[in-house]
Structures are given as structure tokens and as C-alpha cells.
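Respectively, the protein sequence lines represent chains A and B.
Residues in the first sequence are numbered from 1 upward in steps of one, following our numbering.
Residues in the second sequence are numbered from 1 upward in steps of one, following our numbering.
Derived by calculation from the structure, the hints in this document are not laboratory data.
Keep in mind that a hint or two might mislead.
Claimed, not checked - Taking lysine-lysine pairs in the BS3-like style, the calculated list, with each CA pair at most 30 Å apart, reads: (1) Lys11/A - Lys67/B; (2) Lys71/A - Lys2/B; (3) Lys2/B - Lys42/B; (4) Lys11/A - Lys70/B; (5) Lys71/A - Lys57/A; (6) Lys11/A - Lys57/A; (7) Lys70/B - Lys71/A; (8) Lys70/B - Lys2/B; (9) Lys14/A - Lys67/B; (10) Lys71/A - Lys11/A; (11) Lys57/A - Lys42/B; (12) Lys14/A - Lys70/B.
Chain by chain, the residues run as shown.
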Amino acid sequence: DTGVSQNPRHKITKRGQNVTFRCDPISEHNRLYWYRQTLGQGPEFLTYFQNEAQLEKSRLLSDRFSAERPKGSFSTLEIQRTEQGDSAMYLCAHSGRLTETQYFGPGTRLLVL
Amino acid sequence: QKEVEQDPGPLSVPEGAIVSLNCTYSNSAFQYFMWYRQYSRKGPELLMYTYSSGNKEDGRFTAQVDKSSKYISLFIRDSQPSDSATYLCAMSDWMDSSYKLIFGSGTRLLVRP
């Protein structure tokens, strides 16, 4: 158990629809990260939060993407006007006892038709 | 050229073999090195963490970092069919306060019974 749950686990949507994913760390960890992983590739950094503050966003995070972490606990990632290129696994991670280590949730697999 | 290069495999070995997995990288500021194991359709699981150069051993797993060559390795002794998975190397820059991870593309390992 990595201490992170993600919902939903799978999402199929039609192009142009909006989707929202949720990440729940079991306990309140200082840092929370979002990554995206496409088939045959390693995860790529999207954004991270320190408590409720979003401190960095990757250039991969277009203006159709928005992430929040209200109250510094759970986090949501919303994709507006989904495109087929958004199909990927979206992973949430929290920092461990050592700040430089990260523990990942099971991911949300998105398929955009 | 990617910052972190990893042979995608697949690597197929018989049960009981010693497995060697490797990554090379280009950013000399990388200081934190991790290996993750990822089963199909699951999130990455942290296996080993090494700070800077040197070796670290944990059960059947040994991680090595050679910063002079910008080369890291993961050795698996007495490999088991349950070790069949994709192995991802990941690293982060000590000057980057986000500690975001840069991943290799993963090596798929198959351990034959």
C-alpha cells in the first residue's frame, strides 16, 4: 500500500468532453505530484503542490488542464475539451519521509474516443 | 536526446538468473536516483533509492550509481517469475526544489519459469 488512492481507475470519454480525476493520499503529505504516462514510456511530470500551493507546472500542462489541492489534502486534475492525444495513464504521487522519494498511486487510465 | 536513456527490452531470462538493468543520463546535476517496478496496468512501485554515488543492497536487489560515467544499474539476483515487470529508472536534480522525477522509458523484464 503506497498510501495513495486514485479515482476513477478507468475513464472512457468522447472527444470534447471534460473529465476530472481525484487523488487521495491516506495521510496528509506535504508534496503531491501529478504525472502522465503513455504506452511504452516512463511517467512525465505535469505539476506539483506543496500543501495547497501549486508551485510548478510543466509545459505539457496546456490551458485545458487544471489542478487543485484545496486544504492541502486531496487533489483533482481536470481536463477540459479532451482530445485523443490526452489518452494516457494519469498518476498521482506523494513525497515520502525523504522529500526526494515519491510513492505512486494506482493511476487513472483515460481513453478518449 | 532524452535526459535519461533506458533500453526498452524486452529482456528475457530463465528463473534464477542474475538480471542487470541499466540507465544512462546526461544531466550531471542529478543526485537522487531511484528504481521503480511497474506491473501491467499498475502504478510504479519504489524499489530502491540511492543518493549520489555508491551501492545499495536490499535483499535480492542491488542498486549502483556511477556518477563519473553518468550510469546507474539495478541487479536482481535469483530472479523469479514474479519479477516479470517493467523497471523504470528515475532521477532528480539536487538544484531543483520541486524534486520532480525524470524517468527512463522502462525496460520490460520477463523471467521464464
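These are the hints, each one checked on the structure:
no., hint, in the structure
1, Lys11/A - Lys67/B, "41 Å, violated"
2, Lys71/A - Lys2/B, "36 Å, violated"
3, Lys2/B - Lys42/B, "24 Å, holds"
4, Lys11/A - Lys70/B, "39 Å, violated"
5, Lys71/A - Lys57/A, "19 Å, holds"
6, Lys11/A - Lys57/A, "23 Å, holds"
7, Lys70/B - Lys71/A, "40 Å, violated"
8, Lys70/B - Lys2/B, "13 Å, holds"
9, Lys14/A - Lys67/B, "46 Å, violated"
10, Lys71/A - Lys11/A, "26 Å, holds"
11, Lys57/A - Lys42/B, "24 Å, holds"
12, Lys14/A - Lys70/B, "44 Å, violated"
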